[in-house]
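S.K.: Put together the whole structure using the sequences plus the hints.
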Amino acid sequence: MNLPLENLYETDFYAWTQKQVQLLRQGELNNLDIENLIEEIDSLGKQERRELVNRLIVLIAHLLKWEYQTDRRSRSWYLTIREQRSAIRRLLKESPSFKPYLPEAIADSYEDAVILAAKETGMKLRDFPTEVSYTWEEVENPDFLPGIILDSDADLLN
1 MNLPLENLYE
11 TDFYAWTQKQ
21 VQLLRQGELN
31 NLDIENLIEE
41 IDSLGKQERR
51 ELVNRLIVLI
61 AHLLKWEYQT
71 DRRSRSWYLT
81 IREQRSAIRR
91 LLKESPSFKP
101 YLPEAIADSY
111 EDAVILAAKE
121 TGMKLRDFPT
131 EVSYTWEEVE
141 NPDFLPGIIL
151 DSDADLLN
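Just so we're aligned, residue 1 is where the sequence shown starts under UniProt numbering, counting upward by one.
What you were told as hints is all true, and nothing was included just to trick you.
Below, a list of computed lysine-lysine pairs in the DSS-like style, where the Cα atoms sit at most 25 Å apart:
id: 1; residue 1: LYS46; residue 2: LYS19
id: 2; residue 1: LYS99; residue 2: LYS46
id: 3; residue 1: LYS93; residue 2: LYS46
Read the hints as simulated data drawn from the structure, not as lab findings. Note that this is a predicted model, so its numbers are computed, not measured.
M.R.: Here's what the structure looks like:
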């Protein structure tokens, strides 16, 4: 059974992708499902951008928690900060064209980061600044932790 490519796209997405790969490898460009290919390629780019923003939300929320709830700092928070920075570095290595977008991505992430920090700490939304106070250089810096580092934090950082 040989379904038209548009039908295959609707009924068996994986089979459709494999057919597109086969057609590309064989150089049969005239037989490609161009409209759906355009949609899927565009969607992939947007998905990568969403992953960057989602990782920034978690990272900034944990930076806020670290800064504004010093008495509850934990190794878990610190490791989450490190994990998100590492994942963001990988994303930027794979897609360096995101770099000019970073200030906007941080600004786009901030409101959701505040909501997440408030939810996880029990603090009020108004307890956090209304605008992001971290620069990209601080956000990505593996040594940056906002606020004063207390002697009691030393064990968390190793």
